[in-house]
Each structure stands twice: as C-alpha cells, then as structure tokens.
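Student: Residue numbers (this note's numbering), protein chains in the order written: chain A, 1 to 278; chain B, 1 to 278; chain C, 1 to 278; chain D, 1 to 278.
Keep in mind that the hints were calculated from the coordinates and are not lab data. All values derive from a computational prediction rather than experimental measurement. In this text, a Cβ means the ideal position worked out from N, Cα and C, and glycines have one as well. You can trust all of the hints, since none of them are fake.
Quick list of in silico lysine-lysine cross-link-like pairs, DSS-like style, CA-CA up to 30 angstroms: (1) A:107 with B:107; (2) C:12 with C:52; (3) D:148 with C:148.
Only part of the chain D face toward chain C is listed, based on derived beta-carbon distances under 8 angstroms: (4) 108; (5) 109; (6) 114; (7) 116; (8) 117; (9) 120; (10) 150; (11) 151; (12) 152; (13) 157; (14) 161; (15) 163.
Pairwise CB distance ranges (calculated): (16) D:62 with A:241: 32 to 42 angstroms; (17) C:130 with A:15: 30 to 40 angstroms; (18) C:211 with D:251: 37 to 47 angstroms; (19) D:212 with C:130: 54 to 64 angstroms; (20) C:187 with A:44: 49 to 59 angstroms.
There are 4 protein chains.
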Amino acid sequence: MLRGLSGAGLGKLENDEHLIELAGRYGFQAVDVDAKGLIERHGADGARELLKKNNVVIGSIGLPVEWRSTDEAFRQGIVKLAQAAEAAAALGCTSCCTYILPATDLKAAHFMTLATRRLRICAQILGGYGIRLGLEFVGPHHLRTAWKNPFIWTMQETLDWIDAIGEPNVGLLFDAYHWYTNELTIADIEALRADQIVHVHINDAADLPVQDVLDNGRLYPGEGVIDLAGFLRALNGIGYKGAVTQEILSAAAPTDSPESLAERSKAGFDKVYKAAGL
Amino acid sequence: MLRGLSGAGLGKLENDEHLIELAGRYGFQAVDVDAKGLIERHGADGARELLKKNNVVIGSIGLPVEWRSTDEAFRQGIVKLAQAAEAAAALGCTSCCTYILPATDLKAAHFMTLATRRLRICAQILGGYGIRLGLEFVGPHHLRTAWKNPFIWTMQETLDWIDAIGEPNVGLLFDAYHWYTNELTIADIEALRADQIVHVHINDAADLPVQDVLDNGRLYPGEGVIDLAGFLRALNGIGYKGAVTQEILSAAAPTDSPESLAERSKAGFDKVYKAAGL
Amino acid sequence: MLRGLSGAGLGKLENDEHLIELAGRYGFQAVDVDAKGLIERHGADGARELLKKNNVVIGSIGLPVEWRSTDEAFRQGIVKLAQAAEAAAALGCTSCCTYILPATDLKAAHFMTLATRRLRICAQILGGYGIRLGLEFVGPHHLRTAWKNPFIWTMQETLDWIDAIGEPNVGLLFDAYHWYTNELTIADIEALRADQIVHVHINDAADLPVQDVLDNGRLYPGEGVIDLAGFLRALNGIGYKGAVTQEILSAAAPTDSPESLAERSKAGFDKVYKAAGL
Amino acid sequence: MLRGLSGAGLGKLENDEHLIELAGRYGFQAVDVDAKGLIERHGADGARELLKKNNVVIGSIGLPVEWRSTDEAFRQGIVKLAQAAEAAAALGCTSCCTYILPATDLKAAHFMTLATRRLRICAQILGGYGIRLGLEFVGPHHLRTAWKNPFIWTMQETLDWIDAIGEPNVGLLFDAYHWYTNELTIADIEALRADQIVHVHINDAADLPVQDVLDNGRLYPGEGVIDLAGFLRALNGIGYKGAVTQEILSAAAPTDSPESLAERSKAGFDKVYKAAGL
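Excised from the complex, chain A in its bound form (with noise of 0.2 angstroms):
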C-alpha cells in the first residue's frame, strides 16, 4: 500500500507542485492531483519526470463531471472527463473518484436512475484510458438528513449500485471516516476482494458519539479513535496494494503551513503503520 497525501489537511498550499515536493520530502509515494493541470504546466515529460523527481505517483484525480443534477450540466463534464482520463493515463495514473452524497433534493429512484446511466458513461470513458472509477459512500449521520430525501450511504448499498452500473472497472474509493461513521467492522473490509477497491482514503475522528460526527471535524491519522491499525492491516490482508491517501476536511483551513502540516501527517501515518505492523 501506497502512502498517499492529498492537499485536505495540508492548509494553504501554493499548489500541485507544492504538494508534490511535500510528499515527496516527507516519504509519501502517492499524491491526489489534477493531472491535466500539471500537464499544462509542465507538459507530459515534464510532469512525468517532477513526479518521478519525488518518488511520487498520482494515487487519483477526482472525476470532473456534474453527474448529481441535470442532464445538461452532465454533459458538459464530458469533454473534460476525456480531457482528465486522458492525461492521468499520461502520467500512469489509473483511478478517478467521486462521492456520494447521502441524500438529495431529487426524487431518490429517480435520481438513482440518472446517476446510474451517467456514472456509466463515466465508466466507460475512464476504462477506454485503463482508468477505474472509485465511488465514495459518505456515512457522517447528518449528511444523511441534509437533504430532503435519503439517497445511499452504505458500503453494500454501494456495492450494489457498482453491480448496477455493472462496467468491469467500478469499485470503491474506502475512507476510514465512512467505514467508522457506518459502524464497520474489521470483518467486513476482510469480506471483499481487494479488486473491489479502487482508492482508499485515511483520516481520524473525534471521540463523539458516532451519530455526531461531522463531515468535515476529521484528525489526522493516530490523533482520534478510528481502529486505523485494524483498517490499514485488513486492507493489507486482503491484497490491497494502492494508495492509502490522507483527507482531511475540517471546518476552518488548518493555520499551520503546509511544511509542519506534513510532518504531523508523516508523524500520524507512521504511528498507525507501526500499530498496524506494516
């Protein structure tokens, strides 16, 4: 498994390129970045050979699309989608994500209609550039209710909905936040294939009552109660070897700079390594 960083929880980066040297300096292999970005700036050789310059591979880059309203907002993230697929398949990278949120306005069957066909589309586009899609299931309790109606917010429920899409390359983008916030247990990560994983996401939480977690009031890694150890050693267990990729998101941008930022989550990422034995 890959330790990933992303720019949630490093406070106010400059950057990609920012991230990418943090990660680099602080013994991280993978990074969440927009890829087309940084082919822009650096063409492809370019952006190849800075990732390579600091050890790092994309772990993912988030899917460009609107696929949660209407058909025409849809539309118009296809040509970036094929724009983004094909310049992560320039750099190697090989997964892209998105999130689910627990509920909408829209009417949920309906919606699920919708969304099945557009994450299709999604789908098919990435597999043409050998990219898979990760889909995120969101569990903090009061996003379940932040919207008029209930939509999915399980683990199963999102497996089912990747048997629904029913495209070869879909699986799950695993966040432990959601695995904690769903009460899941060290069984059920042991209970899939490690190809039904497309991109894992690490972060801690506070010592609340499950039901008051908040989305965006997560830890760094080892500073909450999430069981990361179990997380990190079931996932290892079962064969998954991609990238393990810290989000935080937190209500107010952390103050500290970038750099001491990424020395705490260098910090939190090796005491839930050790604890986990890996």
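Based on the hints, put chains B, C and D in the right spot on chain A.
Tutor: Frame of chain A; chains B, C and D shown alone:
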C-alpha cells in the same frame, strides 16, 4: 395494431384455452396468456395450432420473476424465466412484461440499484430468445403512498430507468390508465418512437377527480372518460404495430359470463377504434 | 425522409458553408458536415442560424476516432469524439457514422474484440449526448480481399455486431451501394425496423457484373442500375424518417462546378423519388 | 490455492461421487463435478453433506451451453444453464468454465460477434447466481489449424475478449498447458491481477518441440517439462486463492485404477507444490 384480450375483465374463465377461443370468436388478434402452460398441455405444435386456429398471436407473457424483494427470491425465478422465454419464443411471442409499483417499503435508491441489476439480467435472458421486456409505469395516486417510500410512476422516470438498465430490448408497457392518471397528453405519446413501446394496455376510467381514480376501478374501453380515441390515434401515428390488450382490474370480479364480457369488450374496442378512425 | 447532401460528389467545394448553401438552394433538407468546425467558425448560435437560413439540418457527422488500429490511436480520438458529439448535439444532430472495412490486416477475431469494445465506448459517449452511432457495412467485392483477412461486410453480420456491442443507440448506416453489392433485396429492407437504421446513403452503380463494381466507381442517383425506387419505397414503408444522403465516391474528383453537380444531384433525387412514388 | 481434481486423468471413474471420495482421500480440496447431477441424486442438503464429509468444495462446473454453433442450439442451453447455475450456487460453487477452440469453420469475425453476445448472456445469468465465467484459451499449435479459420488462442486475445464481453464477472480459466504452448512466461502471470483468474488447470507436457505438443498428450503434474513450480509460485504471488485443478487429456484413457491414478496425481501435486515452496 392488434386488438388484444387478457383474462383481466373476462370474469371466470376456465383457462387460457377459453380465453383464446373467446378472443378468436370476437375478432381479437392477440391474447396475453401463459405460453409455457399452453405448451405443457398441448405441446409446441399443438399450441401453435390452437393459436392459429383461433387467428390469434400471443401479445405478451408476464415476467415470472420476483424482482421486488430479496436476491434469493429473484434467483428462484431465473430458471422459470428461461423456461417461460423458451416457451414464448416457441410460440412466436416477442414480449414479456412486468409492472412497477410506484412506492416501496425498501429504501428507494437502494432498491433501484437492485431492481436495475435484476431487470438487466431478465432483459439479457429474454434477449437470448429474441424477446423484449416491457416495463409498466403505474399511475393511480393512491398507490404512490401505499408503501413507505415513493419509487417511480411517470413515463419519463421509466424511460430514464430503461436507459439505466441499458439493454437494447427494454421498453414501455404503455397502459391507457397510467397515461391518464399521470395526466399525460397526446403530445407525450407523439414524442415517443414506436420501438420504445413493447406492449399496450387499454381500459377506461370512471368520471372522478384524477387523484381519486383507483387502480382496481377500471372500466371497459369506451365506458369511461379517457380519450382512448386520441390514445389509439397517437399510437398508430407513431407507427406502433403491436398488441393493444384490454386489462380491466376491478375490486370484485365481474359476474357476467366470460362470453358476454368478451362481447362487451368487442363493443368497447369497436367504439374506440371507430372514434379513432382506425 | 430528408433529402441529404454530402461533400462526396460535389467536386471542389470551398467548405461546409458552401455545401450548406448549395443544399439549401437545390431543395435538400440535410447535410453531412463537420458540426464542430461550423461552431468554431460561427459560434453555436451562428451555426444554428446558418443551417436554419438554408433550411437544412445536419444528417450525420463522421466518427472522428481511429478505432481500426492501436489502443493508443483510439485513445487519442476520445477527447475529439466528446468534442464532436458536444458540437453535433448543440446543432441538433443525432447521428454519427463510421464504416467497416470488409477486410483487415489484423487477426479478424481478435480485431473484432478490440473493435467491439472501442465502438461500445464510442456509443456510450455519443449516448451521453443523445446521439446514435451508425455502422456502415461495405459491400464491393474487391475490398473483401484488399487486406489479409476477411472481416465482415453483410447486413446480417453488422446487425449481429450491433447486438454484440450491446448498446441501445447503435444501428446501421444503410448505403444503397452496399445493399446492391451484397445483392440484398427489397424484402431484406422490409425485414428491418426503422429504428435499426441511423442514417442512409444513396448513390448508383455502373452496369457491370456485381462482383466487378468498384467502391469508388459510384454514380449519381438515377444514372445507374440500382433499383433506387424500390430502395426508397421500402425504407419509407418501414417508417424510416431520417436523412437519405448522397455520397458519390469516384476515382477522380468530378471537374464540373459544385453548382452544376448540385443541380445534377437534385435531378437524380427528383427522378428516383418520383419513381418511388414519394 | 486449493488442490483440485477433475475426472480427466482418473480413468474409469464410476461417477462424480467416486471422484469426490478419491479427492477427499488423497488430500485434494476441490473437485470439478456436475453440481446439478449431485443435487438430483442426493438433494441439495445431501450433496452439501457429501462434499463436506470429503472435505472438498466444487472448483468449477462446466458451461452447459452450445455457444459455438447456431442461435437455436444456443437457446436450447439457456434453461440448462440457469438450472446448472442454480445448482452450483446451492452448493457454494462460484465458477463456471468453458474453453475457446483456436480455430473455427465459421467466418472468424462474424463468429466473434455471435460468441460475444452469447457469452455475455451466459455471464449475466451466472452473475444472477453470484457465479463467475472463466474462459480458457487453448494453445496447442495443431488445433490452431484444425478448422478453416484462425480464431483466438493467446492470453492477451482472451483478455481483450473479456473486455469486449464487458461483464464484471468474466475472467480466465488459466491452464498450465496453454500457458506453456503459448510460450508465456512467469512475468506474464505476474502481470495479471488475481481477480482476472476464475479457475486454474494444471497438467504437464511431454519433452517435444512446443509446436508439436498435442492437446490430448498431457502428462501428470511433475512428469513433464512445464515449469509448474514457477507457474504455481507466480499464481500464489499475485494472490490467486482459487482451485488449481488437474486436467489430464490423453488420446487413450489411462487403464490404471482410479485409485492408483489419484495416488499418482497426489504425488505429482506434492512434487510441484514442494518445488514451488508452497
């Protein structure tokens, strides 16, 4: 378009043979029957002969699969579906239909993922036999709240679901009652392509406020307030050539003899076809 | 059915604007042009205005993707396809076509797997914009042995391929020349459903033994031996309502002025439409 | 990885019960048997009990469908497939396999379209029961020209076909003999993901020039020249955990008793597993 009869509305029929015989006698050209049962009782050649002798074809068979509850229940129907499809194909029938309840006790979005996958499997099996799958949206208002969570009941939602299922052989079962209770227009029919319609049901509605129209309060064609002349004219106008099959669901079974009910059905068809100029 | 013009057969056209103008002047209702180019030069509103002013719609765009060689070449076309589809959709065009060479230097079965997957991706992308993909089987005998291994060239093979691709928005580009060189009949057209046809090409063949008819030896409609009256009557009979677009491939470009060639094309259409009773 | 036995190589077995009993006695953990037959003779509970008593699971069932000839023949197998899948699922078996002949008397590209669609239908049906479909590429040179037209026989072609079929539950049946006769390497195995492999066959080859190796000239594991130690180590290395089932095809059935052949098989497995360090 073929005039079709189903058992619904003909009272105490003895069996499908009785239906076939009445359909033939009263000038109907299609019947909705159990193809497999016919073959079991007559052999494939005998069943074909029986249909031919009465100048009818099979309009559609019903989908013999429980796709609305558990995976276990669904699986138990797969063999039955393959057998039913084999029988239907042997008798020249190319459509198989099911209806969509407009509400569900399950979580709506999750149920939609399960149902999408299950109906895709059904469509594939049917496709193996050259048979199309028709999905019937169900409009009466009282059913929209008859279970805990709203599901889907409009034509557009159903077309979007058909897109999500993503198989070329899935289309609408288009029922005049649901067209009416959804307050759809002639223009809504004219906006369809003929190939989007797998099967058509015809029946009429009592003169009540549309939101009070009951699913099992259906009338014979021409005895109610639905603009069936416009309905038929529009279907014919877009080039629909399949069966238009009567389906009269009522709270209490009609007590008249099947013979007299078939005669009454014929009169109804004559009236509305004439009004449609067909 | 819409009378359509393409650049093939109009000699030295200046550009698509020239084609649009001639089409309008000579009573054609559809043109096969590059939608993206039009929008780049006129803006979407300007392009729509130009089409409207000349009373034409776009019959079809070409598939701007190399799906016949390597995965790398294919991938390079995906962004272009998304852009082309976006442009076509913006101008109300709903079909995109490509042709199938009847032989290949690659191993035929393996190439079929690659091509199936690639065209499915194309169909999905196009489907995201409400556009259908038309596949043109190519009949002339000399092309069947022009590369090492036979591929496919009959209508039935192409329909079977469309089934294998398995997307609802794929159909035939039906060309009179390939219908003729495959020695198909009126009955073969009548056995199709209109929705199986995405686009139609019309042109005529020299009075030669059919196995000697050359792909680039095409004549203007009505100047050769193909039963174009029967062809058009049958297409109209099954309810086809799309464009019937002239495509005259010839070894040497015609030297007459585009204006006179458009006039000649109109005369050809007038003749065969009249013979068809349309 | 589970040591598996099939009937191929055990001489004149009385029935599947005999195979199960021998497998248990000689330390095998999986058997390739006819699940439906077992249930017909023992009931589902009895069959499960029989397997459990002998400490074996079912490695794979065969695909009981004729997908290589006509649509009619194919259709006749659909019901059988659903029944076979139901039986396999009832006994906990999750894989079903078929082999690909490397040549065909049909036109190769057209046959590929037919076979793609048929195997997609099979995959969907199997998927309804949680079963995967394994496709076995067949390497021996003499078979590549045994029918009129070359079809496919390499691993890469088969992986590309799996992509073309496009269902998530299709993968390889990976047979040591075909790996060898395709002159594939350890690195080729290491480049696979475990989830791309549905089932594995093991057997050995005579010391002949590879192009002279006959499909029905297979030897027991460890008695020939294939690097089975490397084969097994590589499969284990990528995380494959399914059955590795012996399949010895020979021109003449072995005349030794099934008992002694099972003992010989065990010795072969012991030898190559030990050499692999497993």
